[in-house]
Amino acid sequence: MHRPPDTSRRQFLGLAGGAAVLGTLPVVIVRSAEATPAMLASAIQNVTGGAAVQTGKVKLDIPPLVENGNTVPMTVSVNHPMAPEDHVRSIHVFNEKNPQPNFANFHLGPHNGRAQVSTRVRLADSQKIVAIARLSDGSFWSASVDVVVTLAACTEDVI
Amino acid sequence: MASALINVPAKAKRGDIIEIKTLMSHIMETGYRHTAAGEVVPRDIITSFTCRFNGAEIFRADLFPAISANPFITFFTTATESGKFDFEWTGDQGFSETASASITVE
Amino acid sequence: MRFAGAIAAVLLIANTGFAAAIPQADRRSGYDFMKPDTKAMQDEDTANPGMLWVLDGEALWKRKAGTANKACADCHSDARTSMKGVAARYPAFDKATGRPLDLEQRINSCRTNQQQATPLPFESRELLALTAFVARQSQGVPIETGADPQLVPFIAKGHELYMQRQGQLNLSCANCHDDNWDKRLAGSAITQGHPTGYPLYRLEWQSLGSLQRRLRACITGIRAQAYDYGAPELVELELYLMSRARGMPLEAPAVRP
Numbered sequence: 000m001h002r003p004p005d006t007s008r009r010q011f012l013g014l015a016g017g018a019a020v021l022g023t024l025p026v027v028i029v030r031s032a033e034a035t036p037a038m039l040a041s042a043i044q045n046v047t048g049g050a051a052v053q054t055g056k057v058k059l060d061i062p063p064l065v066e067n068g069n070t071v072p073m074t075v076s077v078n079h080p081m082a083p084e085d086h087v088r089s090i091h092v093f094n095e096k097n098p099q100p101n102f103a104n105f106h107l108g109p110h111n112g113r114a115q116v117s118t119r120v121r122l123a124d125s126q127k128i129v130a131i132a133r134l135s136d137g138s139f140w141s142a143s144v145d146v147v148v149t150l151a152a153c154t155e156d157v158i
Numbered sequence: 000m001a002s003a004l005i006n007v008p009a010k011a012k013r014g015d016i017i018e019i020k021t022l023m024s025h026i027m028e029t030g031y032r033h034t035a036a037g038e039v040v041p042r043d044i045i046t047s048f049t050c051r052f053n054g055a056e057i058f059r060a061d062l063f064p065a066i067s068a069n070p071f072i073t074f075f076t077t078a079t080e081s082g083k084f085d086f087e088w089t090g091d092q093g094f095s096e097t098a099s100a101s102i103t104v105e
Numbered sequence: 000m001r002f003a004g005a006i007a008a009v010l011l012i013a014n015t016g017f018a019a020a021i022p023q024a025d026r027r028s029g030y031d032f033m034k035p036d037t038k039a040m041q042d043e044d045t046a047n048p049g050m051l052w053v054l055d056g057e058a059l060w061k062r063k064a065g066t067a068n069k070a071c072a073d074c075h076s077d078a079r080t081s082m083k084g085v086a087a088r089y090p091a092f093d094k095a096t097g098r099p100l101d102l103e104q105r106i107n108s109c110r111t112n113q114q115q116a117t118p119l120p121f122e123s124r125e126l127l128a129l130t131a132f133v134a135r136q137s138q139g140v141p142i143e144t145g146a147d148p149q150l151v152p153f154i155a156k157g158h159e160l161y162m163q164r165q166g167q168l169n170l171s172c173a174n175c176h177d178d179n180w181d182k183r184l185a186g187s188a189i190t191q192g193h194p195t196g197y198p199l200y201r202l203e204w205q206s207l208g209s210l211q212r213r214l215r216a217c218i219t220g221i222r223a224q225a226y227d228y229g230a231p232e233l234v235e236l237e238l239y240l241m242s243r244a245r246g247m248p249l250e251a252p253a254v255r256p
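Chains as they are written, first to last, in numbering that gives the first Met the number 0: chain L, 0 to 158; chain D, 0 to 105; chain U, 0 to 256.
Everything labelled a hint here was simulated from the structure, so no lab data went into it.
This one's a predicted model, so the numbers in the text were calculated from it and none came from an experiment.
Worth double-checking, as some hints may not be accurate.
Claimed, not checked - The calculated DSS-like cross-link candidates involving lysine-lysine, where the alpha carbons are at most 30 Å apart (straight line), are:
#1 D:10 / D:20
#2 D:20 / L:58
#3 D:20 / U:94
#4 L:127 / D:83
#5 U:83 / U:63
#6 D:20 / D:83
Unchecked claim - Partner residues are not named here, just some residues of chain D that face chain L (Cβ under 10 Å, in silico):
#7 54
#8 56
#9 63
#10 79
#11 82
#12 104
What the hints assert, rightly or not - Calculated Cβ distances over 12 Å to all of chain L for the following chain D residues:
#13 59
#14 83
#15 89
No residue lacks a Cβ here, since even glycine has one placed at the ideal position from N, Cα and C.
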């Protein structure tokens with residue numbers, strides 16, 4: 000709480016999973032890796048192959064103000080039928096400022112009945128989150144949300 | 000020790016859309032951390048989660064280091080017949096765990 | 000400058016000098032301070048990562064260990080009945096050592112004396128798992144810690160530690176958790192410090208952890224030298240805090256930010 004904010008943020012993600020190495024492996028952060036908007040664009044390009052992405056159909060639920068960036072609940076749903084001839088084939092979620100731009104890819108089919116997935120993610124910093132859905136007709140749809148990660152008052156070093 | 004928590008309804012009506020929730024114990028070491036000696040702590044994450052129903056894949060996820068420790072994943076499926084869900088998590092350093100759950104569809 | 004410094008120091012003392020205990024009716028679990036998303040993680044077993052440790056603990060409960068080749072279950076049989084309410088009474092007085100033991104230490108004492116096995120290290124997956132499994136059997140049970148009269152002097156020591164200013168920030172536990180629990184420290188709510196859910200899953204830790212771990216982190220946070228795991232001071236603090244939370248329901252394994 001008395002560190003410069005940027006240092007705390009790096010450490011925030013860096014200490015992810017620290018408990019399991021408690022007492023055996025002291026960990027410090029010396030690198031401040033960060034994805035860039037260019038890396039985000041490139042990760043999206045890998046999924047879409049350069050096809051146009053339209054805004055809509057996708058809903059991204061994530062707390063706008065999160066309590067702890069190590070474990071942030073996230074739900075993505077796509078308002079689209081799940082019929083054999085017309086359905087959501089996959090959902091891809093990306094970030095802008097973690098060390099690496101991908102969260103996860105979810106592969107779906109008509110048997111899922113509803114195109115909705117939830118997981119928990121790590122956010123190194125306040126940033127933009129993007130979810131993209133690929134439909135069976137080859138079109139891409141997206142939603143994005145800006146999330147504010149508050150700094151924990153007592154970030155904990157491995158002690 | 001690796002435990003998994005699976006939440007699948009024991010019973011459903013044919014055509015019901017049911018939610019499946021899974022929680023798997025795993026550290027999800029990002030590969031972006033260093034020890035005090037400056038060595039990289041090797042990445043150790045689950046990279047893939049798959050759910051099959053009566054042998055056929057119904058859901059799959061590719062996971063990256065930004066997924067929180069002890070990955071929690073939920074999704075939906077349509078109840079078509081009674082049978083067995085098989086869940087499989089695979090990842091770095093030879094990680095491979097499975098779990099299963101049965102459902103009765105009426 | 001010296002003059003300004005002196006005024007600041009006087010103000011600090013004036014602001015934090017009158018520590019008053021929280022009235023019974025105003026006591027709130029850390030759960031009440033959490034955002035709905037975090038509450039949801041605790042509310043449902045399959046969403047609560049702490050349950051992964053409970054599952055491991057259930058397996059360990061039945062596993063034979065030590066030269067006695069005994070499992071916990073061989074003496075205590077079904078934990079759902081034999082362990083119900085037990086965690087709500089810990090730390091408890093231990094006749095053999097004449098001191099309070101917390102639940103982790105009690106499990107290790109059983110391992111050493113009954114199973115004739117090596118004690119499990121503090122914060123090891125196994126010890127947290129067994130503790131979580133035992134504590135889970137008291138979920139919803141009101142905390143009763145401190146009823147034993149033999150504990151009185153140890154509760155008093157714990158209270159003294161709780162009130163004592165320490166570290167480079169010169170703060171006592173009471174300065175935050177009695178005097179300022181309705182305020183915030185950066186983005187986080189300052190809670191009342193009732194240990195109702197231990198061992199618990201902290202999002203910050205991405206793991207289950209013990210009350211001793213939490214206390215050590217707090218002490219480090221005020222820039223004081225943390226007591227070692229198992230130190231009498233830590234157990235006395237645990238004992239005071241649990242007795243201070245008497246009547247509040249146990250939530251283990253809880254989830255906290």
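Evaluation of the provided hints:
no.	hint	in the structure
1	D:10 / D:20	holds, 15 Å
2	D:20 / L:58	holds, 20 Å
3	D:20 / U:94	violated, 46 Å
4	L:127 / D:83	violated, 39 Å
5	U:83 / U:63	holds, 22 Å
6	D:20 / D:83	holds, 15 Å
7	54	violated, 13 Å
8	56	holds, 8 Å
9	63	holds, 4 Å
10	79	holds, 7 Å
11	82	violated, 12 Å
12	104	violated, 13 Å
13	59	violated, 4 Å
14	83	holds, 15 Å
15	89	holds, 15 Å
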